[in-house]
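Engineer: First to last, the sequence lines map onto chains F and H.
Just so we're aligned: 527 in this note's numbering is position 527 of the first sequence, and the numbers increase by one with no gaps anywhere.
Just so we're aligned: 778 in this note's numbering is position 109 of the second sequence, and the numbers increase by one with no gaps anywhere.
Do not take every clue at face value.
No more than 20 Å apart at the CA atoms, straight line, and that leaves these computed lysine to aspartate or glutamate pairs for EDC-like [as the list claims (entries may be wrong)]: (1) H:908 <-> H:929; (2) F:325 <-> H:886; (3) H:737 <-> H:834; (4) H:908 <-> H:886; (5) H:1271 <-> H:886; (6) F:45 <-> H:768; (7) H:1118 <-> H:1095; (8) F:201 <-> F:86; (9) H:958 <-> H:886; (10) H:1046 <-> F:86; (11) H:1271 <-> H:828; (12) H:721 <-> H:813; (13) F:45 <-> H:1276; (14) H:742 <-> H:724; (15) F:599 <-> F:452; (16) F:325 <-> H:1251; (17) H:1025 <-> H:1111; (18) H:1200 <-> F:137; (19) F:45 <-> H:1193; (20) H:751 <-> H:768; (21) H:1200 <-> H:1243.
Pairwise CB distance ranges, derived in the manner of DEER restraints [to be verified]: (22) F:183 <-> H:1096: 40 to 46 Å; (23) F:76 <-> H:1284: 56 to 62 Å; (24) F:74 <-> H:1282: 32 to 38 Å; (25) F:172 <-> H:1096: 44 to 50 Å; (26) H:925 <-> F:333: 41 to 47 Å; (27) F:74 <-> H:1220: 21 to 27 Å; (28) F:40 <-> H:762: 33 to 39 Å; (29) H:1220 <-> F:31: 56 to 62 Å; (30) H:1287 <-> F:495: 51 to 57 Å; (31) F:200 <-> H:966: 47 to 53 Å; (32) F:636 <-> H:1279: 30 to 36 Å; (33) F:333 <-> H:762: 30 to 36 Å.
None of these hints come from the bench; they were simulated from the model.
Just so it is clear, CB atoms sit at the ideal spot from N, CA and C, and this is done for glycine as well.
Listed below, chain by chain, are the residues.
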Amino acid sequence: MASKTLYSQRDPMLKRDCFEDILEERRNSSDLKYALRCYAPVLYKGVTPCKANMLKNIVLQSDQLHYVINQVSQESGEAPDIIQEEASVILEEMAHRLQISTVRCFAFALSKAFKTLFQHVCVNEEGIQRLQQAIQEHPVVLLPSHRSYMDFLLMSYILYTYDLALPVIAAGMDFMGMKFVGEMLRMSGAFFIRRSFGGDKLYWAVFSEYVKTMLRNGFAPIEFFLEGTRSRTCKSLTPKLGLLNIVIEPFFKGEVFDVNLVPVSISYERILEESLYARELLGVPKPKESTSGLLKARRILSEDYGSIHVYFGQPVSVRSLAQGKVNRSTYNLFPRHIPRKPMEETQSFVNDTAYRIVRLQEDNMVLKPWVLMASLLLQNLEGLELSVLTEQTVWLRGLALSYAAFLDWPDQAPTAKVVSSSLALHRGLACVSGDRVSLVVGEPLGPVTPEEALFNRAVSVLSCASYRNQVLHVFLRPAMLAVAMHTAASSKKSEWPGLYNCFSFLWDMFSNDFILCPGDTVQDFEEACYLLVKTGAVQMPQQDIVMTDIGQPTLSFFNGLLEPFLQGYQVVCRYLCEEASEGLTEKQYIPAVRSFAVKLILAGNLRCYEVLSSDMQKNALAALLRMDAVRKVKVADQVTLIVNKMAVNSIDDILGGKLPTQKALLARL
Amino acid sequence: MASDSNSSESQRIAQQRLRIIAGHLQKHKDDDSGTIATECKAEANKGTVPRKRQEIMKWNGWGYSDSKFLFNKKGQAEFTGKRYRLSGMVLPSLQDWFENTFGASVNHKSPATPALNASAVPPASLNEAFVEDLKATGIPFSHEAEDRVFRAHGHCLHEIFALREGKKFERVPDMVVWPNCHNDVVKIVELACKHNVCLIPYGGGTSVTSALECPPEETRCIVSLDTSQMNRILWIDEKNLVAHVEAGIIGQDLERLLNESGYCTGHEPDSMEFSSLGGWVATRASGMKKNVYGNIEDLVIHLKVVTPRGVIEKSCQGPRMSTGPDIHHFILGSEGTLGVVTEVTMKIRPIPEYQKYGSVVFPNFEAGVACLREVAKQRCAPASIRLMDNEQFQFGHALKPQVSSIFTNFVEGLKKFYITKFKGFDPHQLVVATLLFEGDRERVLQHEKQVYDIAATFGGLAAGEDNGQRGYILTFVIAYLRDLGMDYYVVAESFETSVPWDSLCFSLLLSFFRVLDLCRNVKERINRECKERGVQFQPLTSCRVTQTYDAGACVYFYFAFNYRGLADPVHTYERVEHAAREEILANGGSLSHHHGVGKLRKEWMKESISSLGVGMLQSVKDYVDPDNIFGNRNLL
């Protein structure tokens, strides 16, 4: 069933559940009582919960781990005992120590904090019911989106509230830096993994066996972030596959009948880390996680962060997904305790699954009116009339709804009220002076250099962009088609094979910036055509795609929506062609592009601030590497970038609409 | 291989050798030792199976006509007849179990058609020339509808269901022949080749793989070659401990006759009451006591097989040979596609001095499997060791006959109390292993202790001889029980596989065996498929580990459900079994441990043995039987 919903043509009238505010009850009854109430969740097939220590013992005694220990011992010449000891240390560092008392402390403290920070915390109860059912039947993996540090505390808080089994959560080791908090998190179910351990066989073995042991026995739902890290831009990130591979493998090996993946979409009306992220993207390193830093963050407690929506999606059965895609019997000829690289077939299945889960997360992200307003403001950086903004927001709302956006628009309130309350909540980002709405630029104290002014402006643009980004997944495919129509021909009419080439070029180019499932180009193109036709923006007589008269606003909005990305990528191309020196290293790349862009902006030759974002710079580089326009060469300890200037130049030209796609593709070859 | 002239030459030599041996025998007759031989057709047939099988066996169900389960007027279950230990007994708890397990009711009957409707049987299309030539040989044959229908099926669910429903038959054999000895078979095969007639060998008729089904596309005359009258022990060689036996003999006759001389083969498949020696060879059968005696491939010393190209046999009876790939292995498991096995020389053993049943109760299936694995590892498995899951344990309990004395009832009660209350076993989790020890008394007792000691380390408690023996009785009556189920809207079937142990953890508390994973996943798959296919009642899925090997185990599944409300229960059943088999293969189980492939599982052969492997088998078939005389289309 799950597979059908996942693979069927995306239904524009997605049925979604209703929300319930869990803070409401908290505001009306004692938090202490709530924190101390009876908590008795149902577990997977009624297993008895396993004490953290016993779990460690099981892992340390497992055949899988012993195999790797012996292997490492033979390779390194160390005695197995010593390696075993090492494994035990790794496990000690990693393992969670879930304690219900700590969870209760958190339940109490978070109740207090949430009530001051947020207006509502809304959860879809039907999703909770589905989850409860799923937990009893099969091992469950919770896959929330990741936008804030709050995410996993929030998840545990919700599960505790609904009397569901508390998850164990894969967290990055950086949390451990916060001494006290780190341990608190550990006791509320977090386990810590190093950010990179590529070559460390032993570490990998301990880690994967730890996760698998929990999964196989169904001791607790496992929770991790497919995106790997918090998205600083509020766009979903390309999924990481390591952990997903680990949790799916027990199914392939027949150790469990099925594994249920539950996508969870957590949307914040206002993100706590909003301007922090913008600064980070602009190259101010993020403050190291420390307890004192967290205390300083108390300042945030005095502000209003609107509401949070948490949507628990339909559990996705790995068994139904894998049906006909992976031949499980290929696992039969190998002892199950010997670690093995996943086969190609499996790898592509896991990759595909990861993308689809992230798309499911996107689909169920709740969008606030402000998201639409931010998209409009970014296309009018000099500001616009309040009445115009209101009118356009209403128009955009209609468009978004017809594209199946999950929009949380207050039903009864008049539009003007909706717009003004959004502006009020985000007064740090936009202000109304007279009847003009424009972006707020933080007023620094004392005299400022032009660079500092530019930097301030960029912070507010990037913060604003992080809201626009939330709606991109709704418009992305038709918008790319709109850009393709714009680039491919200045005339009104164009043949679709040419358009498809252009679309697929953009698709390929932007596939690091957006969630585009590998191999779905054609399907995405069809979806884009379908949506544009549906809203009357284009017509498709035979071989052509023709813009209609009423299509003009839609298409030009879409062009404006992707404009920053097109410009940003072009700036990167131009930098690589014009400025980049011979031995440009990977490390130098980001600061160098940044200062190139700063120069352009100050000289008045560029109005796009988003190119200053290191995220965009990285994605552009990744795209160029993928297209072989740039190569990485390792010289000594440095990674150098070798630029194929011709290729980069022609990519720049296509993005700028100066060159048709096909010619450029030839030029690349 | 042997051309026709060669084969008759070798036959002549064989006959001569037989005479010489017989001569020797005459000399030593009074010595009380040496070899005992019988010559072809020398004595009257004393086998259990008559030519007209329907005279003693059910035409539309399992086993003897006089033995069946029924619910009497009081609603209590009874087993009729006099043949079995359960015969004539009342089973007071069966009704409750039956109704509770399946949601069935003794008031909802689904009776079978009482008699064969001859008009539902397609008329025999005879090859007149063949019939003429056959008449001349004097070999008995028949083309009566009842004889033909009896040989048109095995005991798959769909076959029995169709018989009970009185469905029209698509294709049945056109005639039945009863050869009396090897030479008769040679003649029949020669005539079949001459007249291009399709031959389907028929032994005990206990196939559960659709192997006996006539291919509907077969246009030639189909002749069922019933080997039941070739049922003599031709000689016993006590020096080498081998017996030379005609392949049509059925298991119970073979054991009985050998027992008369103080020997046994020890080969006891669950179907041994009816299945034949030739059938065992043709399907690679496995016996319950293989731990002591070996499977059929370990027991066979020499085979004589009549094929369209002539007779295959080896030149000597050396216990092992390095003469290229063993040609016996082309025959073992060939499922009647290459020829007819007519005579087999197989190992025999003196009857064991002492036999003892036993049983062990474990708190759960996991502990039981872990124990069986350990027993296999230490290579100390008793003649038979089987582990029933909880469902089967409860099923076994439902088959307890009315207890005559209050005292035994009291003792049983005490035992139950001890296990569930004192030892804290959950009656809905506990499982039982049944054991059978054989050998000289002292060794058996010693062996028993060793096994019970191992069991104890896995939390197992000895649970008495009775429980053990009852477990083995169950295997003989379970097929009769299916007929009872079908009288009340319940369909049932069994299937088997073999799978590596693959234990994953050292810890006693937590063990991950591929065996366990397979059992759990297959059961869950069945439950899920049933639900998806609209089965209204919770199905019964049960499994047991019936054999242990160094590297794995044989697992046997029972699967039954109440089909009320389903339009086509057989189709539903088949889809579920198909899904279950796919699940087995995906979990590292084999296509079959001993039932064979037949036509039921042909579709997975390529996947199982690779297309090259199928090609190798095909080329043997093409060489041995180029005109597809043995046209049952099994296997390939």
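Engineer: Work down the list of hints and note, for each, if the structure agrees.
Structural biologist: Results of checking the hints against the structure:
no. : hint                         : verdict
1   : H:908 <-> H:929              : holds (17 Å)
2   : F:325 <-> H:886              : violated (34 Å)
3   : H:737 <-> H:834              : holds (18 Å)
4   : H:908 <-> H:886              : violated (50 Å)
5   : H:1271 <-> H:886             : holds (16 Å)
6   : F:45 <-> H:768               : violated (26 Å)
7   : H:1118 <-> H:1095            : violated (26 Å)
8   : F:201 <-> F:86               : holds (12 Å)
9   : H:958 <-> H:886              : violated (40 Å)
10  : H:1046 <-> F:86              : violated (32 Å)
11  : H:1271 <-> H:828             : holds (17 Å)
12  : H:721 <-> H:813              : holds (10 Å)
13  : F:45 <-> H:1276              : violated (34 Å)
14  : H:742 <-> H:724              : violated (28 Å)
15  : F:599 <-> F:452              : holds (13 Å)
16  : F:325 <-> H:1251             : holds (14 Å)
17  : H:1025 <-> H:1111            : holds (12 Å)
18  : H:1200 <-> F:137             : holds (15 Å)
19  : F:45 <-> H:1193              : holds (13 Å)
20  : H:751 <-> H:768              : violated (27 Å)
21  : H:1200 <-> H:1243            : holds (14 Å)
22  : F:183 <-> H:1096: 40 to 46 Å : holds (44 Å)
23  : F:76 <-> H:1284: 56 to 62 Å  : violated (47 Å)
24  : F:74 <-> H:1282: 32 to 38 Å  : holds (36 Å)
25  : F:172 <-> H:1096: 44 to 50 Å : holds (48 Å)
26  : H:925 <-> F:333: 41 to 47 Å  : holds (44 Å)
27  : F:74 <-> H:1220: 21 to 27 Å  : holds (25 Å)
28  : F:40 <-> H:762: 33 to 39 Å   : holds (36 Å)
29  : H:1220 <-> F:31: 56 to 62 Å  : holds (59 Å)
30  : H:1287 <-> F:495: 51 to 57 Å : holds (54 Å)
31  : F:200 <-> H:966: 47 to 53 Å  : holds (49 Å)
32  : F:636 <-> H:1279: 30 to 36 Å : violated (50 Å)
33  : F:333 <-> H:762: 30 to 36 Å  : violated (46 Å)
Taken one by one, the earlier hints fail for this structure at numbers 2, 4, 6, 7, 9, 10, 13, 14, 20, 23, 32 and 33, listed in ascending order.
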